[in-house]
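Colleague: If you read the sequences in order, they're chains A and B.
Everything in the first sequence is counted per the numbering used here, starting at 1 for the first residue and increasing by one.
Everything in the second sequence is counted per the numbering used here, starting at 1 for the first residue and increasing by one.
Among the hints, a few may not be true.
Distance condition first, Cα-Cα at most 27 angstroms in a straight line; then the derived DSSO-like pairs of lysine-lysine [said to hold, decoys possible]:
| id | chain 1 | residue 1 | chain 2 | residue 2 |
| --- | --- | --- | --- | --- |
| 1 | B | Lys57 | B | Lys112 |
| 2 | B | Lys112 | B | Lys69 |
| 3 | A | Lys14 | B | Lys63 |
| 4 | B | Lys42 | B | Lys68 |
| 5 | B | Lys42 | A | Lys71 |
| 6 | B | Lys112 | B | Lys68 |
| 7 | A | Lys9 | B | Lys63 |
| 8 | A | Lys14 | A | Lys71 |
| 9 | A | Lys57 | B | Lys42 |
| 10 | B | Lys59 | B | Lys112 |
| 11 | A | Lys9 | A | Lys71 |
| 12 | B | Lys68 | B | Lys79 |
Rather than coming from a laboratory, the hints here were simulated on the basis of the structure.
None of these values were measured; they are calculated from a predicted model.
Residue strings, one per chain:
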Amino acid sequence: NAGVTQTPKFQVLKTGQSMTLQCAQDMNHNSMYWYRQDPGMGLRLIYYSASEGTTDKGEVPNGYNVSRLNKREFSLRLESAAPSQTSVYFCASSEALYRSSYNSPLHFGNGTRLTVT
Amino acid sequence: EDQVTQSPEALRLQEGESSSLNCSYTVSGLRGLFWYRQDPGKGPEFLFTLYSAGEEKEKERLKATLTKKESFLHITAPKPEDSATYLCAVQDGGSSNTGKLIFGQGTTLQVKP
């Protein structure tokens, strides 16, 4: 079982460059999420998609865009990378709709380690 | 403001030395409290969900408990393979009803043989 797959695993960008982080899940989950993890800050939600065709901002959306391409795939785009976006990015998925009363756990990928110089 | 605080930040134990990790939270209407384990270079791995005060869940050497203000992750007779960062997260069901998941900063556990 692949679960949640993220590509690439590592990336180095120069300030102002753009890139797209890819995420795919094979668990037929409805909801997908993008988090960033920084030392001392914990995991912070960037964007989420409760279901195919919908996306919403999370806690730290500035500088990012997302696309829910289909039920399996959810991509995160940095249009003009900044050093403050150096972080580890995690994609996650869950079975239940994000705003439903049913709490299902998030399943995470292994992350993309991004450095912006 | 919703908040999750984990303590201690780091914990070193000898193999077999039991201890507890703490997760205290302030949210407007708790929907669920989640515990995750994260190994270096990996994504968080789900361990438990707790929904109401008094609830307990167990898995091997781990037991999670929940009160109205905090959760504990008890580790009984830990082994070196239990070394990891343990993350706590809460989902609020307050008036905004967003179901947002709020993570603590984690406790890094090292178990020495």
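Colleague: Is Lys68 of chain B close enough to Lys79 of chain B, meaning Cα to Cα at most 27 angstroms?
Modeller: violated, 30 angstroms
Colleague: Does Lys68 of chain B sit within 27 angstroms of Lys112 of chain B, going by the straight-line distance between their CA atoms?
Modeller: Violated. Lys112 of chain B to Lys68 of chain B sits at ~33 angstroms, over the 27 angstroms cutoff.
Colleague: Taking only the CA atoms, is the gap from Lys57 of chain A to Lys42 of chain B under or equal to 27 angstroms?
Modeller: holds, 25 angstroms
Colleague: Decide if the proposed pair is consistent with the structure: Lys112 of chain B and Lys69 of chain B, CA atoms, cutoff 27 angstroms inclusive.
Modeller: violated, 31 angstroms
Colleague: Verify the proposed pairing of Lys9 of chain A with Lys71 of chain A, using a straight-line Cα cut of 27 angstroms.
Modeller: Given pair Lys9 of chain A, Lys71 of chain A holds - Cα atoms ~22 angstroms apart, limit 27 angstroms.
Colleague: Verify the proposed pairing of Lys14 of chain A with Lys63 of chain B, using a straight-line Cα cut of 27 angstroms.
Modeller: violated, 45 angstroms
Colleague: Given the hinted pair Lys42 of chain B and Lys71 of chain A, is their alpha-carbon gap at most 27 angstroms?
Modeller: Distance of about 24 angstroms is within 27 angstroms: holds.
Colleague: Quickly compare the C-alpha distance for Lys57 of chain B and Lys112 of chain B to 27 angstroms and report which way the hint goes.
Modeller: holds, 25 angstroms
Colleague: Would you mind confirming whether the straight-line C-alpha gap from Lys59 of chain B to Lys112 of chain B stays at or under 27 angstroms?
Modeller: holds, 21 angstroms
Colleague: Please work out if Lys9 of chain A and Lys63 of chain B have their alpha carbons no farther apart than 27 angstroms.
Modeller: violated, 33 angstroms
Colleague: For a C-alpha distance cap of 27 angstroms, please report whether Lys14 of chain A and Lys71 of chain A respect it.
Modeller: violated, 32 angstroms
Colleague: Does Lys42 of chain B pair with Lys68 of chain B here, judged by a C-alpha cut-off of 27 angstroms?
Modeller: Not satisfied, since the Cα-Cα distance of roughly 31 angstroms exceeds 27 angstroms.
When held up to the earlier numbered hints, the structure conflicts with 2, 3, 4, 6, 7, 8, 12 and fits the remainder.
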